[in-house]
Amino acid sequence: MITKFTSDHEWVRLEGDVAIVGITSYAAEQLGDVVYVELPAIGKAVTQGGDMAVVESAKAASDVYAPISGEIVAVNDDLTGNPQLVNDGAEAQGWFCKIKPSNPADLDALMSAQEYQAFLEGKS
Amino acid sequence: MTQLRSTRGVSGGAADFETVSGSRGGLQATWLLFEYGAVDRSGVDLPAPKGRPDRLGGLARTAPIGVPGLSEPEAVRHYVRLSQRNTAIDLGVFPLGSCTMKHNPRLNERMARLDGFADIHPLQPVSTVQGALALMQELSRWLTSLTGMPAVALSPKAGAHGELCGMLAIRQALIARGEGETRRRVLVPSAAHGTNPATAAACGFIVDEVPGTEDGRVDVEAFKAKLGPDVAAVMLTNPNTCGLFERDVKAIADLIHEAGGYFYCDGANYNAIVGRVRPGDLGVDAMHINLHKTFSTPHGGGGPGAGPTVLSERLAPFAPVPYVVADGEGFKLVEHVEGQEFGRMVAFHGQMGMFVRALAYMMSHGADGLRQVAEDAVLNANYVLARLKDAFDAPFAKYGPCMHEALLSDKELRAHGLETVDLAKALIDEGFHPMTVYFPLVVHGAMLIEPTETESKTELDRFCDVMLALEARAEAGEVEFFKTSPRLAPVRRLDETRAARQPKLRWKAEEAAMKQAAE
Amino acid sequence: MRYLPLTQQDRAEMLARIGAASVDDLYTDVPAVARRTGLVDLPLHQGELQVERALKAMAAKNTPAGSTAFFVGAGAYRHHVPASVDHLIQRSEFLTTYTPYQPEIAQGTLQMLYEFQTQVALLTGMEVANASMWDGSTATAEAAMMATRVTKRGKVVLSGGLHPHYADVTKLICDANKIAVAACPAAIDGEAKVVDLIDSDTACVIVQTPNVFGTITDLAAIAEAAHAKGALLVAVFTECVSLGAVKSPGEMGADIVVGEGQSIGNALNFGGPYVGLFATREKFVRQMPGRLAGETVDADGKRGYVLTLSTREQHIRREKATSNICTNSGLCALAWSIHMTLLGEAGLRRLAVLNHERACDLADALGGVKGVEVLTPRFFNEFAIRLPKRADAVVETLAAKGVLAGVPFSRLAPGTGLDDVLLVAATETNTDDDVALYARELKKALA
Numbered sequence: 002m003i004t005k006f007t008s009d010h011e012w013v014r015l016e017g018d019v020a021i022v023g024i025t026s027y028a029a030e031q032l033g034d035v036v037y038v039e040l041p042a043i044g045k046a047v048t049q050g051g052d053m054a055v056v057e058s059a060k061a062a063s064d065v066y067a068p069i070s071g072e073i074v075a076v077n078d079d080l081t082g083n084p085q086l087v088n089d090g091a092e093a094q095g096w097f098c099k100i101k102p103s104n105p106a107d108l109d110a111l112m113s114a115q116e117y118q119a120f121l122e123g124k125s
Numbered sequence: 018m019t020q021l022r023s024t025r026g027v028s029g030g031a032a033d034f035e036t037v038s039g040s041r042g043g044l045q046a047t048w049l050l051f052e053y054g055a056v057d058r059s060g061v062d063l064p065a066p067k068g069r070p071d072r073l074g075g076l077a078r079t080a081p082i083g084v085p086g087l088s089e090p091e092a093v094r095h096y097v098r099l100s101q102r103n104t105a106i107d108l109g110v111f112p113l114g115s116c117t118m119k120h121n122p123r124l125n126e127r128m129a130r131l132d133g134f135a136d137i138h139p140l141q142p143v144s145t146v147q148g149a150l151a152l153m154q155e156l157s158r159w160l161t162s163l164t165g166m167p168a169v170a171l172s173p174k175a176g177a178h179g180e181l182c183g184m185l186a187i188r189q190a191l192i193a194r195g196e197g198e199t200r201r202r203v204l205v206p207s208a209a210h211g212t213n214p215a216t217a218a219a220c221g222f223i224v225d226e227v228p229g230t231e232d233g234r235v236d237v238e239a240f241k242a243k244l245g246p247d248v249a250a251v252m253l254t255n256p257n258t259c260g261l262f263e264r265d266v267k268a269i270a271d272l273i274h275e276a277g278g279y280f281y282c283d284g285a286n287y288n289a290i291v292g293r294v295r296p297g298d299l300g301v302d303a304m305h306i307n308l309h310k311t312f313s314t315p316h317g318g319g320g321p322g323a324g325p326t327v328l329s330e331r332l333a334p335f336a337p338v339p340y341v342v343a344d345g346e347g348f349k350l351v352e353h354v355e356g357q358e359f360g361r362m363v364a365f366h367g368q369m370g371m372f373v374r375a376l377a378y379m380m381s382h383g384a385d386g387l388r389q390v391a392e393d394a395v396l397n398a399n400y401v402l403a404r405l406k407d408a409f410d411a412p413f414a415k416y417g418p419c420m421h422e423a424l425l426s427d428k429e430l431r432a433h434g435l436e437t438v439d440l441a442k443a444l445i446d447e448g449f450h451p452m453t454v455y456f457p458l459v460v461h462g463a464m465l466i467e468p469t470e471t472e473s474k475t476e477l478d479r480f481c482d483v484m485l486a487l488e489a490r491a492e493a494g495e496v497e498f499f500k501t502s503p504r505l506a507p508v509r510r511l512d513e514t515r516a517a518r519q520p521k522l523r524w525k526a527e528e529a530a531m532k533q534a535a536e
Numbered sequence: 002m003r004y005l006p007l008t009q010q011d012r013a014e015m016l017a018r019i020g021a022a023s024v025d026d027l028y029t030d031v032p033a034v035a036r037r038t039g040l041v042d043l044p045l046h047q048g049e050l051q052v053e054r055a056l057k058a059m060a061a062k063n064t065p066a067g068s069t070a071f072f073v074g075a076g077a078y079r080h081h082v083p084a085s086v087d088h089l090i091q092r093s094e095f096l097t098t099y100t101p102y103q104p105e106i107a108q109g110t111l112q113m114l115y116e117f118q119t120q121v122a123l124l125t126g127m128e129v130a131n132a133s134m135w136d137g138s139t140a141t142a143e144a145a146m147m148a149t150r151v152t153k154r155g156k157v158v159l160s161g162g163l164h165p166h167y168a169d170v171t172k173l174i175c176d177a178n179k180i181a182v183a184a185c186p187a188a189i190d191g192e193a194k195v196v197d198l199i200d201s202d203t204a205c206v207i208v209q210t211p212n213v214f215g216t217i218t219d220l221a222a223i224a225e226a227a228h229a230k231g232a233l234l235v236a237v238f239t240e241c242v243s244l245g246a247v248k249s250p251g252e253m254g255a256d257i258v259v260g261e262g263q264s265i266g267n268a269l270n271f272g273g274p275y276v277g278l279f280a281t282r283e284k285f286v287r288q289m290p291g292r293l294a295g296e297t298v299d300a301d302g303k304r305g306y307v308l309t310l311s312t313r314e315q316h317i318r319r320e321k322a323t324s325n326i327c328t329n330s331g332l333c334a335l336a337w338s339i340h341m342t343l344l345g346e347a348g349l350r351r352l353a354v355l356n357h358e359r360a361c362d363l364a365d366a367l368g369g370v371k372g373v374e375v376l377t378p379r380f381f382n383e384f385a386i387r388l389p390k391r392a393d394a395v396v397e398t399l400a401a402k403g404v405l406a407g408v409p410f411s412r413l414a415p416g417t418g419l420d421d422v423l424l425v426a427a428t429e430t431n432t433d434d435d436v437a438l439y440a441r442e443l444k445k446a447l448a
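Chains as they are written, first to last, in the numbering used here: chain A, 2 to 125; chain B, 18 to 536; chain C, 2 to 448.
Everything hinted at is true.
Straight-line Cα separation of at most 27 angstroms, DSSO-like style, residue types lysine-lysine; simulated pairs:
#1 A:K124 - B:K428
#2 C:K303 - B:K500
#3 C:K371 - C:K390
#4 C:K303 - A:K60
#5 C:K57 - B:K349
#6 C:K321 - A:K99
#7 B:K349 - C:K62
#8 C:K371 - C:K402
#9 C:K303 - B:K532
Treat the hints as calculated values from the structure; they're not laboratory data.
Please construct the entire structure, taking both the sequences and the accompanying hints into account.
Here it is, written out as structure tokens:
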């Protein structure tokens, strides 16, 4: 179970034939207190780099892009009542949704944890 | 009764104690009107109905409404108490960048309340409102003369509605050229007001962002690269949201025209150039004018505004109805034009109450005074910039003068563990309304200061002295002082996260009853 | 110049501090061709007395409603506004403040908006309301767009009783966004016909009650039919006093309620500024346009108010915002809220009854004039009459006699074949004498 990262600060982790997706801890911290997450509908087809969800703080809204292409098979309903989960554990209980990948090779184009760390360090 | 007891103060004691009543000296405690009003109490005396049978066809209201009333003395007190919790331009410097909080002359208020303007109906016979049409015509003459544009649509209700007017006129012009389907892209600089991309999207256009340069202007090379046969228009604010004049505005106008597109100018910052520069001389095709900014009509805590939109020769035929035309001795109101596709963007004829106020202001200042308005507004902003640019980071100061507003960033503050919001809240305790914060988005922790021409040098010096003193406290590392500001305002810093996570958007009787039971 | 505090000496000192020789040095970024040296060809500055004289002369060329027997409605209504309303809205702290971006020093405006939102929600029978729109017509167009976002559908159906201006504004915005519009032909009592035009792509039906002809409609069946096909019901009103006498749209199943609030607290003003009211169900709030005030607590745990759910709005979401609206109608909303507070439920209900009774008196009086037919079957304070000749000609004739008789329907919608239809409104401001004078002069005009 390897976690991969995008330059737009999403993470994706393949568990069996389903990928779990969320925003990175770095993104959650940049955003501040998350107040709302707009999740996609189950069954929706998403394409890598295309719109998938929206995450909001009191004063900002950020689009969250699909890290891989596929179909949404589950969403984290707990976020609706408790968006704080994203701040508490962006890369654990604050996951957004699960995607059934249509093209497993999509993952190859993404960054490893080390590469993402280096990417963040390069930014600052 | 005379109070036959003289007083003499005793110093000592602290001000931070809780009062029993919840009031703090002259600042009275407040409650929601729902917490003490009653549905059977009223501040209005009305005659008893005759009790005749109704003709409501069985649709008479039976359910209670639940809106409480107050007697007149209670109502007056309720709203005066609320008013004490606001700051206002009448109380002090309100340098909210991009908002042009200038003095609102009271002559304007008196004129707008004349029965001949306030007590006339938009649909009463045109023969009975000739003075109103004359006023609209006169306002149009002032606006077109000042801007050097041939036509103006008066009906837009606010700035964003004016943007909609201009962009829909552009859309109609494109349709008339047979390019309504092909020219779909609108170029919007990254520093633009949020209303610009929102308006373009509301007109069905696709928004394409143009980056800026290091000196706070549009990147003309990047702009050029984005031009193409699918471009409908550029929406450019000038003077721009960084408070700077777009030096290359003529080149941008020529380029967009050569590419077959139109030049929409956001006129929110027109106050800096009124009487000195005519947008018509810059190649503008459409520009809204916020009467509530440049022409002094009051902001009223969030409107009403008014956004008359001036149009070039090319766009004038695509203006919305209604409009006023001279008709022999008098005036006529054109409310329908056969075959004209734009149609109508609002019921009736626009913000007449604002037209009266704006014209009263224009006539008071005259051509000479309006030019002085722009010059003093620019002078005041540059003075503030000159006084603050060494203590704070002023990202564009080295590239030349600003226009009507001075832009700072929070770079210096961040070095001390503080940011823009902290300075803003500390300014509140000093009696100043903060500047515009975190806008434009292109500058980190932006602080946009627009003093306007109606501030005296004395007031500006007080404001700058306070800014410098606060900067010194930041420098001294007084982080807690800032983080706990404001302490002297009617309330402390408010929890905006909580408000957004558990939205509570109205009072509810059931909730209030539960709360009371719990207590 | 009385509005400019700087003296020549101030200007000189400030220029010296800036390091500029003259103010011209501050305008060097302006292209040379656009730098104007002379004055624009307009009159020079004038004193208060002179400006007042000139504007009073213009005002004197209008006929104020209060100087006539006045029966004009069709979207704007003449009501009595208590003296304290205008006094209070002219308090500096309300009149000369901005949108409450700094909540600690704007609690007055924010609490007022919170109360306004509550009052609007209660009156319309809805769960939530926003802090106001520009007017009823633009609120209607916004409601149509909101319904397309909620339902993700692309068609809007308009009733035949929707105010023609409201229909025009809604079509304009829908056209630009490639939203199909199906409009029922003008009909005095045909709101329910919208049901026939609902299909699987219909986002909403937009119906008005009382409609432009004054007809009141039971919305329950329309709501049911719309909901059965997955469409929303948008209910519109132009006369908010009617809500004191008639079942609320919320009670009848509306999903979005929009309307004009001018009647309460605001003068006629020749068409503006007015105040758009906008209410909906809680579950749709994130798709709602406009500002919202919400309750929260401050750092000491004390109750306070802020603007909230701002991520819907243009200054944050830009091209993805729910609307481009920024400045709304804050001060008109304040006037509305104060007037509503002065009335209270009992006062509003009585005011509504007085309006209705006056309209019934008028319908009896005009219906008694030979050749005049009252067309509206159920009404609140406004109804349509058919005249034996063109309505616009009759209106001109009566205006000369001191009676402003109403709005010819043809003025709102020319070419609909209803040139003989006149829209007539009565309010608590009309006296028995006004009604009698109208009937008498109408009789003469038709003789």
